[in-house]
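Chains F and S, in that order, give the protein sequences.
Numbering-wise, the first sequence is residues 1 to 313 according to the numbering used here.
Numbering-wise, the second sequence is residues 1 to 280 according to the numbering used here.
If you are wondering where the hints come from, they were derived from the structure by calculation, not from laboratory data.
For glycine and all other residues, C-beta sits at the position ideal for the given N, C-alpha and C.
Incorrect hints may appear among the rest.
A partial selection of chain S residues facing chain F, derived with a Cβ cut-off under 10 Å [stated by the list, open to error]:
#1 Val136
#2 Ile137
#3 Ile211
From chain F, some residues computed to sit far from chain S (all C-beta separations above 10 Å) [said to hold, decoys possible]:
#4 Val98
#5 Val113
#6 Ala127
#7 Val130
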Amino acid sequence: MRYYLKKIISLIMVLFLIMLLTFIAFQVIPGDGAVTRLGVDATPEAIEALRESLGLNKSLPARFFSFLGGAVRGDFGISYHYSKPVGELLAARLPATVGLAVISILFIVAVSVPLGLLCSRREGGVADRVITFVTQTLMAVPAFFLGIIITLVFGLALRWFSPGGYVSPGEDFMGFLSYMVFPAISIAIPKIAMTVKFLKTSVLRELKLDYVRTARSKGNTERAILWKHVLKNALIPVITFMGMVIADVLAGSIVVEKVFNLPGVGRLLITAISNRDYPVVEAVVVYIASVVLIVNFVVDLLYQKVDPRVRIE
Amino acid sequence: MKSTEKKRRQPNTVNWSLAVGIALVSAVLLFVFVGLFYTPYDPMEMSMALKNKPPSLSHPFGTDYMGRDVLSRVMDGAGTTFLIGVVTVVIGLVLGTLVGAFTGYYGGLADEILMRLNDTLTSFPSILLALVFVSVIGTGKYNIIIALGVIFIPSFARVVRSEYIVQKELDYVSNARLLGAGNLRIMFVHILPNTAPILLSSVTIGLNNAILAEAGMSYLSLGVQPPDPSLGRMLSEAQGYFMSAPWVALAPGMMIVLTVLGFSMISENIGRRERDFGGK
Numbered sequence: 001m002r003y004y005l006k007k008i009i010s011l012i013m014v015l016f017l018i019m020l021l022t023f024i025a026f027q028v029i030p031g032d033g034a035v036t037r038l039g040v041d042a043t044p045e046a047i048e049a050l051r052e053s054l055g056l057n058k059s060l061p062a063r064f065f066s067f068l069g070g071a072v073r074g075d076f077g078i079s080y081h082y083s084k085p086v087g088e089l090l091a092a093r094l095p096a097t098v099g100l101a102v103i104s105i106l107f108i109v110a111v112s113v114p115l116g117l118l119c120s121r122r123e124g125g126v127a128d129r130v131i132t133f134v135t136q137t138l139m140a141v142p143a144f145f146l147g148i149i150i151t152l153v154f155g156l157a158l159r160w161f162s163p164g165g166y167v168s169p170g171e172d173f174m175g176f177l178s179y180m181v182f183p184a185i186s187i188a189i190p191k192i193a194m195t196v197k198f199l200k201t202s203v204l205r206e207l208k209l210d211y212v213r214t215a216r217s218k219g220n221t222e223r224a225i226l227w228k229h230v231l232k233n234a235l236i237p238v239i240t241f242m243g244m245v246i247a248d249v250l251a252g253s254i255v256v257e258k259v260f261n262l263p264g265v266g267r268l269l270i271t272a273i274s275n276r277d278y279p280v281v282e283a284v285v286v287y288i289a290s291v292v293l294i295v296n297f298v299v300d301l302l303y304q305k306v307d308p309r310v311r312i313e
Numbered sequence: 001m002k003s004t005e006k007k008r009r010q011p012n013t014v015n016w017s018l019a020v021g022i023a024l025v026s027a028v029l030l031f032v033f034v035g036l037f038y039t040p041y042d043p044m045e046m047s048m049a050l051k052n053k054p055p056s057l058s059h060p061f062g063t064d065y066m067g068r069d070v071l072s073r074v075m076d077g078a079g080t081t082f083l084i085g086v087v088t089v090v091i092g093l094v095l096g097t098l099v100g101a102f103t104g105y106y107g108g109l110a111d112e113i114l115m116r117l118n119d120t121l122t123s124f125p126s127i128l129l130a131l132v133f134v135s136v137i138g139t140g141k142y143n144i145i146i147a148l149g150v151i152f153i154p155s156f157a158r159v160v161r162s163e164y165i166v167q168k169e170l171d172y173v174s175n176a177r178l179l180g181a182g183n184l185r186i187m188f189v190h191i192l193p194n195t196a197p198i199l200l201s202s203v204t205i206g207l208n209n210a211i212l213a214e215a216g217m218s219y220l221s222l223g224v225q226p227p228d229p230s231l232g233r234m235l236s237e238a239q240g241y242f243m244s245a246p247w248v249a250l251a252p253g254m255m256i257v258l259t260v261l262g263f264s265m266i267s268e269n270i271g272r273r274e275r276d277f278g279g280k
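Construct the entire structure; sequences and hints are all you get.
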């Protein structure tokens, strides 16, 4: 119980710290939100009125706490550029990004677990060497370049999908999924390569331990040893690794959304940075940071579930 | 002790992939080095007559939408990308080593706080942190260097710190202390050289991360700004003419892939890091 409490308190503290840092970072930038929204030609009275209504006249700590309070309720103020609530903009962009991330992670898990096991079962064999070579090469390919190649081959040459297309999941869910598949593959492939390598190392280390010998001497088949005994233990470090992969998948989607022209959170962030639309940038940063931290939190909890030793510290 | 055992286990594969890695990196470095002094054409020279021409003898990688020679631009752009990578890693390495050395050697409250901050920062993808930086300080070649350099400090600090924690307990450190060496001398004359193998491996990984981050940011038009070419910018420009001139994207993309592959094959073989294995 104390373990959970400690974890939750540290999660809340880090989240608070991130909001504070984000808030300060965008306060030190020269420029005035009211001027940005109204343009430099606006009358001083109009600017003053907007400053008043945006709460820009209040003291710094007061503004931070109203930012914090808003953030907790999902209210990040009004976008300078779109003049719409930031929460609304973010919500509209979420399906593409969440869909992309979920499908990528499914691909990563579904492909890398069997491949990693195959490699470690036949260590040094032809399959292992081929997979090792291919994964090493694929790890060097940035997701967006892979996306460009996939668009070229499957979109333009083979015409399996129309590049740049998108339908919202509410309109046509299957269509939405079909537009997600190729971007998800471009994000997943380099991460699959890394996961296979990591899993292989982990399985090989487990296979050398005593309990494997015991299982073998009891007459278990190699397959049973691998699936029933080794995999469970070998997956422990992989859980932590997957936490990092999920963070990377989110980052990868920022770039891949541009390649495939998907209306996701990443594209929102990029246009907001170009437009100096700081409320939107703040919101997206806080959103991505929260996701990363919560994923890490869940990973920690899972970790101590499968490996109770970590609770004793 | 442990690491020698590990290396001995697979004597055949180690040398082979290290050799390929060194060959790849040397080829890339030579290409970039030549590009500093000589490119077949002026990388900025435009020509509407030569717009989007496929690869030919006079333009081996073709020409782009402004009729510029892709080979010359890749040579020049790879130089920019490399420059950013190297300076970034140097910033991260020097400052990260300082932070890691002091926190690892002295420990204490400052160490606790800095490492907690470190853990938080390293759990975020570097491109996201770089984007936040850039949205505060602006885009351009030098701002990218500052942003990525600062972002790389924690990962170097973490590696150096864990090395110092191990090394400071070893006999040669207490011997040096008995001989009257001061703390600073022990930290930087005695311990620092022993962190070199692990730092070398971190440097190659760092270079890869820097190259990928620069390419990603420039691809998003938030990195290197025109007229400077960089590999990421070329990819971004190429995308608009994808149907008619796919070769414009392939050349810079392949350049990134070969460079990153070369460095990762080298780092793979020059010291495996224990932390790869879940810290067990």
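The hints, checked one at a time:
| no. | hint | in the structure |
| --- | --- | --- |
| 1 | Val136 | holds, 5 Å |
| 2 | Ile137 | holds, 9 Å |
| 3 | Ile211 | holds, 9 Å |
| 4 | Val98 | holds, 17 Å |
| 5 | Val113 | holds, 17 Å |
| 6 | Ala127 | holds, 15 Å |
| 7 | Val130 | holds, 14 Å |
The structure agrees with every numbered hint stated previously.
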